[in-house]
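Please model the entire structure based on the sequences and the hints provided.
Residue numbers (my numbering), protein chains in the order written: chain R, 4 to 255; chain P, 4 to 255; chain S, 4 to 255.
Rather than coming from a laboratory, the hints here were simulated on the basis of the structure. Be careful, since some hints might not be right.
No copy is singled out in the list; a pair is fine if it fits within one copy or between any two copies.
EDC-like cross-link-like pairs, simulated, lysine to aspartate or glutamate; straight-line CA separation at most 20 Å [what the hints assert, rightly or not]:
1) Lys30 / Asp235
2) Lys14 / Asp250
3) Lys213 / Glu185
4) Lys145 / Asp250
5) Lys58 / Glu33
6) Lys186 / Glu175
7) Lys178 / Glu236
8) Lys190 / Glu175
9) Lys58 / Asp11
10) Lys222 / Asp193
11) Lys145 / Asp184
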Amino acid sequence: MKAFEFLDKVKIDDVNTMVLDKGLGYKFIEDSLKINGDYFNFLKYGWGTSMLYDKEIIQDKNELYHSYNIRTYPGGTLLELANSQNKVAEFLEEADNLGFNAIEISDGSSIIDSQKRAQLIDQVKDAGYFTLTEIGKKNPEKDHEYSIKDRIQLINTDIENKSDMVIIEGRESGKNIGIYDEKGNIKNDDLLAIKENTPNNKIMWEAPNKNQQVELILKLGNNVNLGNISFDEIISVTTLRKGLRGDTFLKL
Amino acid sequence: MKAFEFLDKVKIDDVNTMVLDKGLGYKFIEDSLKINGDYFNFLKYGWGTSMLYDKEIIQDKNELYHSYNIRTYPGGTLLELANSQNKVAEFLEEADNLGFNAIEISDGSSIIDSQKRAQLIDQVKDAGYFTLTEIGKKNPEKDHEYSIKDRIQLINTDIENKSDMVIIEGRESGKNIGIYDEKGNIKNDDLLAIKENTPNNKIMWEAPNKNQQVELILKLGNNVNLGNISFDEIISVTTLRKGLRGDTFLKL
Amino acid sequence: MKAFEFLDKVKIDDVNTMVLDKGLGYKFIEDSLKINGDYFNFLKYGWGTSMLYDKEIIQDKNELYHSYNIRTYPGGTLLELANSQNKVAEFLEEADNLGFNAIEISDGSSIIDSQKRAQLIDQVKDAGYFTLTEIGKKNPEKDHEYSIKDRIQLINTDIENKSDMVIIEGRESGKNIGIYDEKGNIKNDDLLAIKENTPNNKIMWEAPNKNQQVELILKLGNNVNLGNISFDEIISVTTLRKGLRGDTFLKL
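Here's what the structure looks like:
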């Protein structure tokens, strides 16, 4: 039973929260999930970190996360590496052996044309994975080449192509990328344009910084899908969603 | 026996250090306290985080902290929530059941008039808790409405009303709030005004950032009461207090 | 066996990575090393933190780190404290009892003339330690008094005096110190001057921030020696070295 249950609180409908794991130990995770395991449902092994671990460790970690109904996937960069080496099929088989049950398709670090992207979505879905696609370039200069119209079109194309969830790139820093300016503030016009022209429940916003989480919750609702949450901020983000922190207290 | 005991070192008199817990696991805390458990004596479950945990977890964590003589309390935001729902009595009873032995009274997120505030202090003290009160608003615009005179008067009123310790709000960010400017630097005039017009040993400064800890130690003494210390900075802050880090080395 | 072994990847030659421990618990380290223990080989107990621990804890932690072939040493500040009290011999004996197998000689917080510095290097080496020396002052104003020529001369003098590795001070913040400007960006001319006039394999760059790690890897090679890496960034830094993150993907 939760503490202070007699207090009225804000409810959250279906919500997706994606957390970044960049090298956590098994026992640390096991211990932490007793506290935060009910408050997120996607776990990303950041970028290419999975390649540095022993297979057994990944298998054990995946099993542990799944026991809390948390989907796990390797970072999109790793699929890009496999794709650049024409080894996507082997990649998907290995990911399955390791116990991953979702896959992210991105082109943040390499060039993948729209036809190939659509084919990758098919291939990943056919292999039985929950399929996330990501919009955005890791390099800010390249990322800035997208107009907001481009982004909206890319999102909607991915959804037409049956991507289960489309992630808006925010990186770990949340600065100078996607809808964030150099200081990490949200570009409001871009946010609204995406909101009005895409199916919001299919969009996940990478929002590593607190000001971004607060603003997205206040503007898009407390069940906005948020990603790239750092592992030690899972509880904090949930308090923001539930109006249990000053920034959203009595504002939801 | 401590290491390198033959080296002369700076002593610290009675000192209070308050640390922020925003979702730490039981075993992680147990393991860490063997390293840092002697170096802090207040632990705050930040804002409304306590509501997200199972009762048993809080009870176990509180017991663990108490075994190191560390007082524990839920964030002031939670009492504000209870107060806004007219459930302060239930709140205090539940907090006792959960093993908390201190309570913070704040009005950072809601409006509580001075009469009600005084009554809350009475009520919390009567229930047997160590009683902390906090001065400051979570919202920077509202916080800036206080003149330094206002703050000093609020502090001294709380102390007259028997608050055991008065906290100067600094939030987790330490920026654009209380005595901190937008960059997190200390507003010197404000610091000195508070220092000269209040009983310093009853004041706890929330000082989440290192530059703030350094300056407060150099200006108010190494036994200045510091709060909102992040869990992984407990040892660092203690080295600053003892002149074991460059910033305060041979300066105390 | 590592995951995704069938993917071609960038190789790293001999490389040194130094990580900062500012108060980690034994079990947390034990758990983490299964993930990151192969990816760093120096561990520094920051500044004077070692003085705050029980001897047994340090002995146990040192043994644990050594089991992964990681050299351990107390921060240079502690040797400066011992030197200021004329207790270097006792310091070295205690460090040996505690299981440290490397020692850092710095003058970041105190004044040590060049003759004394040379003598300390001799003394530390004679005692059997791997010997690191550090160039730079903790106080930015004092640090800025060094010209780049001064720094290069200090580095080369240390190497002539048989220092095993020379560290370029970057502090934990990486700002306004050494080769970093106030925003933490690298001063390119200074970097190149040091690169061209010193033996690079003997230089370790303290580079706590990601932009610094990326730039040093791209400019000096993926086997550049990096220091002051935070414990939870060990895997991240390794992915940068191996081209497994957007910033260095296909650029090495």
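Comparing the hints with the structure gives:
In this assembly of identical chains, the alpha carbons of Lys30 and Asp235 lie at most 20 Å apart whether taken from the same copy (15 Å) or from different copies (15 Å). When the C-alpha separation of Lys14 and Asp250 is checked against a cutoff of 20 Å, the pair qualifies only within one copy, where the shortest distance is 17 Å, while the shortest distance between copies is 40 Å. Proximity of Lys213 and Glu185 under a CA criterion of 20 Å is satisfied in both settings, with 15 Å inside one chain copy and 16 Å between copies. When the C-alpha separation of Lys145 and Asp250 is checked against a cutoff of 20 Å, the pair qualifies only between copies, where the shortest distance is 12 Å, while the shortest distance within a copy is 34 Å.
Both within a single protomer and between protomers do Lys58 and Glu33 lie at most 20 Å apart by alpha-carbon distance, with minima of 18 Å and 18 Å respectively. In this assembly of identical chains, Lys186 and Glu175 lie within 20 Å of each other by CA distance both inside one copy and across copies; the values are 14 Å within and 19 Å between. Within a single copy, Lys178 and Glu236 get their C-alpha atoms as close as 18 Å, and across copies as close as 19 Å, so both meet the 20 Å cut-off. Taking the shortest alpha-carbon separations for Lys190 and Glu175, only the intra-copy value of 18 Å comes in at or below 20 Å, while the best inter-copy value is 24 Å.
In this homomeric assembly, Lys58 and Asp11 come within 20 Å of each other (Cα to Cα) only across copies, at 17 Å, whereas the closest approach inside a single copy is 45 Å. Taking the shortest Cα distances, Lys222 and Asp193 sit within 20 Å of each other inside one copy (13 Å), while across copies they are farther apart (35 Å). Taking the closest pair of Cα atoms, Lys145 and Asp184 come within 20 Å of each other only inside a single copy of the chain (14 Å); across copies the shortest separation is 26 Å, beyond that limit.
In this structure, every one of the numbered hints holds.
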